[in-house]
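Participant: Spelled out, the chains give:
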Amino acid sequence: MTHRFIEEEATADIAFEATGKDLREVFRSAGDAVMNVMIDNLDAIRPRESRVIEADSEALDLLLLDMLQSLIYYKDAEQLLLRVRQIEIDKLNGIWHLRALGEGERLDRERHHQRADVKAVTLHDFRLEQVDGGWLAHVILDI
Amino acid sequence: MAIVRALEKLEKISDTIWELPVTYKEGMRVPARIFGTERLIREMDEAVYDQVSNVATLPGIIKYAMCMPDGHSGYGFPIGGVAAMDLKTGVISPGGIGFDINCGMRLVTTNLTWDDVKPHLTRLVDRLYQRVPAGVGSTGFLKLAPAEFRTILEEGAGWCVRSGYGWEEDLELTEENGCIKGADASAVSQQAISRGINQIGTLGSGNHYLEIQVANPENIFDREIARAFGITIPNQVVVMFHCGSRGFGHQVASDNLLVFLKVMESKYGIKILDRELASAPFDSPEGKKYFAAMKCALNMSFANRQVILHRIREAFSEVFGRSAEDIGMHMVYDVAHNTAKLEHHLVDGKERELLVHRKGATRAFGPGLPGLPARYQHIGQPVIIGGSMETGSYLLVGIPSGAQSFFSTSHGSGRTMSRTKARKLWFGQTLQKDMEARGIYVRTASWPGLAEEAGGAYKSIDEVVEATELAGLSRRVVRFTPVGNIKG
Chain X
1 MTHRFIEEEA
11 TADIAFEATG
21 KDLREVFRSA
31 GDAVMNVMID
41 NLDAIRPRES
51 RVIEADSEAL
61 DLLLLDMLQS
71 LIYYKDAEQL
81 LLRVRQIEID
91 KLNGIWHLRA
101 LGEGERLDRE
111 RHHQRADVKA
121 VTLHDFRLEQ
131 VDGGWLAHVI
141 LDI
Chain H
1 MAIVRALEKL
11 EKISDTIWEL
21 PVTYKEGMRV
31 PARIFGTERL
41 IREMDEAVYD
51 QVSNVATLPG
61 IIKYAMCMPD
71 GHSGYGFPIG
81 GVAAMDLKTG
91 VISPGGIGFD
101 INCGMRLVTT
111 NLTWDDVKPH
121 LTRLVDRLYQ
131 RVPAGVGSTG
141 FLKLAPAEFR
151 TILEEGAGWC
161 VRSGYGWEED
171 LELTEENGCI
181 KGADASAVSQ
191 QAISRGINQI
201 GTLGSGNHYL
211 EIQVANPENI
221 FDREIARAFG
231 ITIPNQVVVM
241 FHCGSRGFGH
251 QVASDNLLVF
261 LKVMESKYGI
271 KILDRELASA
281 PFDSPEGKKY
291 FAAMKCALNM
301 SFANRQVILH
311 RIREAFSEVF
321 GRSAEDIGMH
331 MVYDVAHNTA
341 KLEHHLVDGK
351 ERELLVHRKG
361 ATRAFGPGLP
371 GLPARYQHIG
381 QPVIIGGSME
391 TGSYLLVGIP
401 SGAQSFFSTS
411 HGSGRTMSRT
421 KARKLWFGQT
431 LQKDMEARGI
441 YVRTASWPGL
451 AEEAGGAYKS
461 IDEVVEATEL
471 AGLSRRVVRF
481 TPVGNIKG
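Just so you know, the protein sequences line up as chains X and H, in that order.
So in our numbering, spot 131 of the first sequence is number 131, and the numbers just go up one at a time.
So in our numbering, spot 253 of the second sequence is number 253, and the numbers just go up one at a time.
Misleading hints may appear alongside valid ones.
DSS-like mimics (lysine-lysine), calculated; alpha carbons at most 27 Å apart, straight line [stated by the list, open to error]:
| # | chain 1 | residue 1 | chain 2 | residue 2 |
| --- | --- | --- | --- | --- |
| 1 | H | 25 | H | 118 |
| 2 | H | 288 | X | 91 |
| 3 | X | 91 | H | 350 |
To spell it out: a stretch of chain H is covered by chain X in this simulated footprint if at least three of its residues, at any positions, have a beta carbon under 8 Å from a beta carbon of chain X; those stretches are [as the list claims (entries may be wrong)]:
| # | segment |
| --- | --- |
| 4 | 157-166 |
| 5 | 192-199 |
| 6 | 204-216 |
| 7 | 296-309 |
| 8 | 376-385 |
Hints in this document: simulated from the structure, not taken from any laboratory.
Idealized CB from N, CA, C, for every residue including glycine.
Start from the sequences, fold in the hints, and give me the full structure.
Facilitator: Put into structure tokens, the structure is as follows:
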């Protein structure tokens, strides 16, 4: 489970690739990538509060988009920095369903080293695909 | 005339106009026009050509898909993208406006000179940094009930002035008088309201900034127009800032992008080449609802910049011990970058009402056009173009030849490298010290964020603005030199 920021793409914004051996891992690493764009020292986010994130979608990649948007939502609406811990992804009657537990704490400007605020997850070249050894998400964030 | 590699099909129309014909890509309905000198054209990343030709495939597009001289890779539209749509056959696309709806610029004069400000610069920037929150998830001083916030969405900067956060004249000097008509708060989601309700009066992050600048006499290009815009004394100090509709606008765009994605093909048979160009017919329930919600974000952003101006006036007043009125803190103008608006333009000699998308592009009305403040009717619209924090910024004026681009022009320098790359080349704290040694005092909420905004990550603002003038999109009036900066 990991992510890397891509130098050669998204001149004005930030592009990243996140990987995982299964869907749960790639979702979690993509979530951490979004948070890592905003906060340099992810490990400084302590698990003091939690929120349940739920999403439904006919398309698996849009399920990921929904989860990432939720993390951005909590950052603005509650100044809450969340890292996705537990996560369940199921498909029922053609609809993907996600239930995730985000844990974290309110933004502390002293302890959390800021980088850049994320405005949104764009759909430009947004991909979630199966690759050798697991899954890969390619995401461009609007900064 | 052909130029480089994949751009072999780019045709030179003039020294500053380049065109991709409809044969360049399957599905193009109109040619794509890119404005810029050959050097700027060569420097543009290839994604610009791909994105602007994708825009040319959108239903109802009129004349050309366009990209301004500061164009660079975006998502959906390129940054610097302009597209005018027919109201009956055309679409509206959140990707043609951007997530940060009505991200824009505001320019404010003072009657202070650099000699007056220099001894107080550090204190002034520190005070502004306290007064105007910046950075990730920042919140403002206004504590609003949801009903009040909804009122702001429909009334824009007018609410702020009525509530004591501004002067009546500020409204006249704001695009749309600070309130676009037709905003409907019932068209926005609860999530959008929750994201934005605490963010009025905040700068944000990324390329958003607040800057103290100086108009040196050698950088006045048109003395008469500069005077009409309020730049009247040698080495006059001005304040320029750049920000938008914060989380509220981002959520409005995100919400509607997904709605459009669902109905676009199944209900309306619209096929697109990039999901970020998700669209709905302008004349459809989905299109109308987004238009009404998008206008709420326009108004939220006008209100945001209005409250920030109020805080700036307070900070100057505290530091200089005089009222903001006494310091002459009048607005020059407030312009939007990321919008879609109904405007009347001449198309093949006939006046038509069109929906003009501008994404990272500035409206630049020439003299005599409706919508300009009375005091600028005979001059043209002030155009505020921000450069990088290390170089400089410009005040331009809209001119008649701007009709070729539906009166649109550049909005900034345009980046030449990704944030991720810039971060490897510069270090925030070192950059701050270097800038201070060069006479620019900067405060930031984020050291990596500062490094990502280094001047070297941007095109030359002078070259972009020169190309803008050569292309006849707008004309230079004043170049400003930065002396103090707050970065989100």
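Participant: Hint by hint, note whether the structure agrees.
Facilitator: Status of each hint after checking the structure:
The straight-line distance between the Cα atoms of residue 25 (chain H) and residue 118 (chain H) is roughly 55 Å, outside the 27 Å bound, and the hint therefore fails. Distance check on the hinted pair: residue 288 (chain H) and residue 91 (chain X) sit about 34 Å apart at the alpha-carbon level, beyond 27 Å; violated. A threshold of 27 Å between alpha carbons decides the hint, and for residue 91 (chain X) with residue 350 (chain H) the separation of about 55 Å lies outside it, so the pair is violated. Remark: the segment 157-166 of chain H is not confirmed as covered by chain X, as 0 of its residues place a Cβ nearer than 8 Å to a Cβ of that chain, below the required three.
Coverage of the segment 192-199 of chain H by chain X holds. Counting CB-CB distances below 8 Å, 4 residues qualify, and the rule asks for three or more. Counting residues of the segment 204-216 of chain H whose C-beta lies closer than 8 Å to any C-beta of chain X gives 4; at least three are required, and the coverage claim holds. Closer than 8 Å: that is the beta-carbon criterion, and the segment 296-309 of chain H has 0 residues meeting it against chain X, so the requirement of 3 is violated. Against chain X, the segment 376-385 of chain H contributes 0 residues with a C-beta closer than 8 Å to a partner C-beta. That does not satisfy the three-residue criterion, and the hint is violated.
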